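Taking the hints into account, I'd like the entire structure generated from these sequences.
Be aware that the sequence shown starts at 0, since it is given in numbering that gives the first Met the number 0, and climbs by one per residue.
Just so you know, these hints were derived from the structure itself, not from any lab. Because the structure is a prediction, the values reported are computed rather than measured. One or more hints might be untrue.
Unchecked claim - Beta-carbon label-pair distances, calculated as ranges:
| no. | residue 1 | residue 2 | range |
| --- | --- | --- | --- |
| 1 | PRO282 | GLY209 | 50 to 56 Å |
| 2 | GLY287 | ARG26 | 30 to 36 Å |
| 3 | LEU194 | TYR49 | 45 to 51 Å |
| 4 | VAL7 | LEU342 | 28 to 34 Å |
Each residue gets a CB set at the ideal place from its N, CA and C atoms; glycine is no exception.
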Amino acid sequence: MEHTAPAVLELGVILVAAAAAGWVARRLGLPATLGYLAVGLVVSPFTPGYVADREQIQLLADVGIVLLLFEVGIEIDLVRLGREQRGLFVVAPAQVVITTASVAAVAIALGLTPGPATLVGLAIALSSSVVIVNITRSRRRTTDRSTERAMLGWSVLQDVTGVIVAEAVLTAIQPPDRSPLVIAAGFIVFGLLALALARVLPVALRALDGEPDLFLIVSVATGLGVAGIGSVAFGLPLALSAFVAGLAIGEGAETTEARLRLLPFRDLLAVLFFVAIGTLLDPVELVGAAGWLAVLLALVLVAKVLLVWVLARLARLPARPLQLAIGTGQVGEFTFVLASIGLAAGAIGRDLYEALLGSIVISIALSSVLVRFAGRRPVDASMSVQPPNEPIVPAAS
Numbered sequence: 000m001e002h003t004a005p006a007v008l009e010l011g012v013i014l015v016a017a018a019a020a021g022w023v024a025r026r027l028g029l030p031a032t033l034g035y036l037a038v039g040l041v042v043s044p045f046t047p048g049y050v051a052d053r054e055q056i057q058l059l060a061d062v063g064i065v066l067l068l069f070e071v072g073i074e075i076d077l078v079r080l081g082r083e084q085r086g087l088f089v090v091a092p093a094q095v096v097i098t099t100a101s102v103a104a105v106a107i108a109l110g111l112t113p114g115p116a117t118l119v120g121l122a123i124a125l126s127s128s129v130v131i132v133n134i135t136r137s138r139r140r141t142t143d144r145s146t147e148r149a150m151l152g153w154s155v156l157q158d159v160t161g162v163i164v165a166e167a168v169l170t171a172i173q174p175p176d177r178s179p180l181v182i183a184a185g186f187i188v189f190g191l192l193a194l195a196l197a198r199v200l201p202v203a204l205r206a207l208d209g210e211p212d213l214f215l216i217v218s219v220a221t222g223l224g225v226a227g228i229g230s231v232a233f234g235l236p237l238a239l240s241a242f243v244a245g246l247a248i249g250e251g252a253e254t255t256e257a258r259l260r261l262l263p264f265r266d267l268l269a270v271l272f273f274v275a276i277g278t279l280l281d282p283v284e285l286v287g288a289a290g291w292l293a294v295l296l297a298l299v300l301v302a303k304v305l306l307v308w309v310l311a312r313l314a315r316l317p318a319r320p321l322q323l324a325i326g327t328g329q330v331g332e333f334t335f336v337l338a339s340i341g342l343a344a345g346a347i348g349r350d351l352y353e354a355l356l357g358s359i360v361i362s363i364a365l366s367s368v369l370v371r372f373a374g375r376r377p378v379d380a381s382m383s384v385q386p387p388n389e390p391i392v393p394a395a396s
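Below you can see the structure in the form of C-alpha cells.
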C-alpha cells in the first residue's frame, strides 16, 4: 500500500483545500464552486508550485457526476413534469436547436467551417446539470418549487435533445467506426436495459432492506455499472447513461432510500469535477483567447439566457421566467466534453478550446450568483425538493 500513499495524501490535501476555499467563497457571498475551481487552478500545471495528478482527479470526478445524474434521474418524474409543465417539452428542445444554429452562424461568420461551428453552437446551447441541481438545493436559493422543477426539466430535455444533435455533429467532424443504424440500435437496446433494471432494482433493494451495507453497495454499483455499460457497450456519454438509468427506475419507496444513501458520496466526489475543470485552465492561453471568450459569453447571454426568457414567457410556464433563464444560463460538463472532442479531432484550435473552458468558469459563477437576485423571496425549507438535512457540498450555496 505504500506506493499508493502519495496519491491518497494528494486527494486528502486537495479536498481539505477545496473545503477551505469553498468556505471562504461562501463567507464572501460567492458560490463555493468558485473556491473549488480556484483550487484546481492552483494545482494545475499552468501555475507555479505543486502539480496534481489530473487523471486521478478526473476519474473520481466522473464517479461523482455519474452518481449525481443517476440520483437526479430517479428524482425526476417526466409524466408529472409533462402534466404540470407541458410546454417544456416544446420550448426546451426548441431552445437547443435555435441556440445551436444561432451560435453556429456567428462562428461561421468568424471563420469556422460548418461542422466545428455547429459543435461550438451545441456546446453553448446545453446547460450544466451539475450546477442546476446545486442551484435548486443551495441553502441560499430563492427559487420556488415550480421554478426548480422547470430548471431541472429544462436541463433534462436539453440533454436528450443534445445527444441526438451531437451524434450528427460528431459524425460530421469525426466519422465513427459504427454505422448510424448500429448507433440507433444501441440507444434502443440500452433503453430496454434501463427499463429492465427498473423492474429488478426495487425488488433487489426490498430484499436487502435489513442489510444497510449491502443496500448501499447495490445502490452505488447500479449507478456506476449501468453508466459504464451505456458508455462502453453502446457509446453513450457516461453521465447521460447514468441519468437515463435513473430516469427509467423512477422514484419509489426503495429507490428513494437508495437515492438518499447516495448523496454523501455524490456530494464529495462532485467537488472534484470543479477542481478538475480548474486544472485544465491555462491563464496565458486564456488571455490569448480573450476575443473568442468575449464572443462566447455574449452568445450565452443573447442566444441562450434571453432566448430561454422569451420562450418561457411564450409557453407560460408556471415558473419565474427571469430566474429560469439565469439558472440555465451557464455551460458546463457537456461543453467540456464537446470541446475536448473538438480539440482532439483538430476541429477547433487551442485558443477556442481555452475560451470554451473559460466560458464554463465565468458562466457558472455569474449564473450561480445572479440567479439568487432574480427570485422574489427565499424559498421555504418545506417546499424544497430535497430533504432539509441533506449536506450541500458542491456549487451554488
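Hints, verified against the model:
1. PRO282 <-> GLY209: 50 to 56 Å: For GLY209 against PRO282, whose Cβ atoms are near 54 Å apart, the range 50 to 56 Å holds.
2. GLY287 <-> ARG26: 30 to 36 Å: At roughly 33 Å between Cβ atoms, ARG26 and GLY287 fall inside 30 to 36 Å, so the hint holds.
3. LEU194 <-> TYR49: 45 to 51 Å: holds (47 Å)
4. VAL7 <-> LEU342: 28 to 34 Å: Once the Cβ atoms are compared, 31 Å apart, the range 28 to 34 Å for LEU342 and VAL7 holds.
Hint compliance for this structure: every hint is met.
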